[in-house]
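Engineer: Sequence:
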Amino acid sequence: MSKTRIGVICGGQSVEHEISLRSAASIAQALDPSKYSVEILLIDLEGQWYRLGRKMPEDIAHAKVPFNFPVSPKQGGKHHFDVLFPIVHGTGGEDGCLQGVIELSGIPYIGSGVLGSALQMDKDIAKTLLQSAGLPVVPWITLNSKSASHELPGELEFPCFVKPASLGSSVGTHKVIDETELRSALEDSFRFDEKVLIETAIDAREIEVSVIGNETPEASLPGEIIPRADFYDYDSKYLNKDTELLVPAPLEIAIVERLQDLAKQAFLTLQASGLARVDFFVSKHDDSVWINELNSLPGFTDISMYPKLWEVSGLPYPKLLDRLVALALERHNRRALLMRSYTL
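Going by the working numbering, the first residue of the sequence shown is number 1, and it counts up by one from there.
Any given hint could be a false lead.
[What the hints assert, rightly or not] Below, a list of computed lysine-lysine pairs in the BS3-like style, where the Cα atoms sit at most 30 Å apart:
no., residue 1, residue 2
1, K284, K35
2, K308, K319
3, K3, K64
4, K35, K319
5, K35, K55
6, K55, K3
7, K284, K3
8, K175, K55
9, K284, K175
10, K55, K264
11, K264, K308
12, K175, K195
13, K284, K319
14, K195, K264
[Claimed, not checked] Distance ranges between label pairs, derived from CB positions:
no., residue 1, residue 2, range
15, I303, P33, 37 to 45 Å
16, G100, G314, 29 to 37 Å
17, Q48, S72, 32 to 40 Å
18, G100, N214, 18 to 26 Å
19, P136, A61, 45 to 53 Å
20, E257, E18, 16 to 24 Å
Hints in this document: simulated from the structure, not taken from any laboratory.
C-beta: ideal position from N, C-alpha, C; glycine also.
Generate the whole structure from the sequences, applying the supplied hints.
Structural biologist: Shown next, in the form of structure tokens:
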């Protein structure tokens, strides 16, 4: 029986480049070698593509082999893959750009399509759609670069959060307590994006739920993040070993079921496919719940919540990857039945 050929795409021109490399290394190691032939494909910070082999090399610079990604099915040749896993976090990887390139290649791939990826990446658009669907979101204000120098809205309440609209890993995100801090935070956030959100700060627990599926998604047990910093910033996510992960989260069953139901509704509302992690705020004072955001390509490092939550929900890491590969093929085969030409 021939092995399924998997290409794990990582890196990218994003501030989350290094995190993507760690995710790719973890995925490549966990894919069952008896089932899969694996190749790691690197997009460097200049946008050039390279092949790295099955394992992430310690010396990437000397292990890189130039690679021309096929932009049409006929160009696949000896580099053709059966399934691609684009684990490029952040700009250019989760916003639909990379998904569009892969669509042109005709190769099945894991994760959301162009539209679903773009919707989940833009926090402003995502919150607007979730709110329109009747799902609970934290109140927010959106500023763009053209209005950045204008007077700030008078209805602002402190403390609040300032964050780039289309970035992950809390890069450029700040918790502020007054207008002086706010203006400084806005200046920094606008270094990373042309659109910035100001959100009400909620005194809440940070809860995450993993979702898997296509048209009929399933939700994992929730997990809880307890950062030792003021909020779950970049250091807390990847550098600070004091951050505590409670898997599963200590929650009443009614709250667990509500979070799972909201996660699946949000997944479908934002046109997600394959996988997503849905991040919530759960009030420390009552049973109020808010959807914070969706991550279409969540981290897959050895400490990432997405695979940890499925592990505790009964789907171990290698089986999780099997399922994601199957979902990619299912979605590709279903879309292949659509007519691409029309004559009267």
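Engineer: Check the following: the C-beta atoms of G100 and G314 are separated by a distance inside 29 to 37 Å.
Structural biologist: The hinted range 29 to 37 Å holds for G100 and G314, with Cβ atoms some 35 Å apart.
Engineer: Sort out whether K3 lies within 30 Å of K284, counting only the CA atoms.
Structural biologist: violated, 49 Å
Engineer: Holds or violated: are the alpha carbons of K175 and K55 at most 30 Å from each other?
Structural biologist: violated, 39 Å
Engineer: Against the 30 Å threshold, does the CA-CA distance of K308 and K319 hold or violate the hint?
Structural biologist: Holds - the C-alpha atoms of K319 and K308 are around 13 Å apart, at most 30 Å.
Engineer: Given the hint that K3 pairs with K64, does the C-alpha gap stay at or below 30 Å?
Structural biologist: holds, 24 Å
Engineer: Are the Cα atoms of K284 and K175 separated by 30 Å or less?
Structural biologist: holds, 18 Å
Engineer: Holds or violated: K195 with K264, Cα cutoff 30 Å?
Structural biologist: holds, 27 Å
Engineer: Is 37 to 45 Å a correct range for the gap between the Cβ atoms of I303 and P33?
Structural biologist: Once the Cβ atoms are compared, 23 Å apart, the range 37 to 45 Å for P33 and I303 is violated.
Engineer: For the pair supplied as a hint, K264 and K308, confirm whether the alpha-carbon distance does not exceed 30 Å.
Structural biologist: holds, 18 Å
Engineer: Confirm or reject the claim that G100 and N214 have a C-beta distance inside 18 to 26 Å.
Structural biologist: holds, 19 Å
Engineer: Would the hint linking K55 and K3 be met if the CA-CA limit is 30 Å?
Structural biologist: holds, 17 Å
Engineer: With 32 to 40 Å as the target window, see if Q48 and S72 comply at their CB atoms.
Structural biologist: violated, 20 Å
Consistency with the previously given hints fails for numbers 1, 7, 8, 10, 13, 15, 17, 20, ordered from lowest to highest.
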